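Asker: Those letters in the sequence shown? Residues 12 to 93, per my numbering, in order.
Please note that a few of the clues may not be correct.
[Said to hold, decoys possible] In silico DSSO-like cross-links for lysine-lysine, where the CA-CA straight-line distance does not exceed 27 Å:
hint, residue 1, residue 2
1, Lys78, Lys65
2, Lys65, Lys77
3, Lys80, Lys90
4, Lys77, Lys90
Hints in this document: simulated from the structure, not taken from any laboratory. All figures in this text were calculated on a predicted structure; none of them were measured in a lab.
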Amino acid sequence: MTTYTAQEARQNFSEVLNKAGYASEPVVITRQGKNVVAVISYDDYEFFRELEDKLDGELAMARLRKKEKRYSLEEVKAKLGL
């Protein structure tokens, strides 16, 4: 994985995009020595979104199997004061 400071990333923007977008190599951008951003390919982004959706669905199904109390939208709004 390649790491650039924010200034280096600005100076090498095309290289950052090429590494992430075409070589599928994540690029980490730092600021003041701390990781701030990861640039990844759009395909990787889509993969992570799909994975998140799948995990959310599995969590929801597990909670339904436990027969935990469910709340209506009105109950949730009332509890949150909305």
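Asker: Each hint: holds or not?
Answerer: Evaluation of the provided hints:
no.	hint	verdict
1	Lys78 - Lys65	holds, 20 Å
2	Lys65 - Lys77	holds, 19 Å
3	Lys80 - Lys90	holds, 15 Å
4	Lys77 - Lys90	holds, 23 Å
Hint compliance for this structure: no hint is broken.
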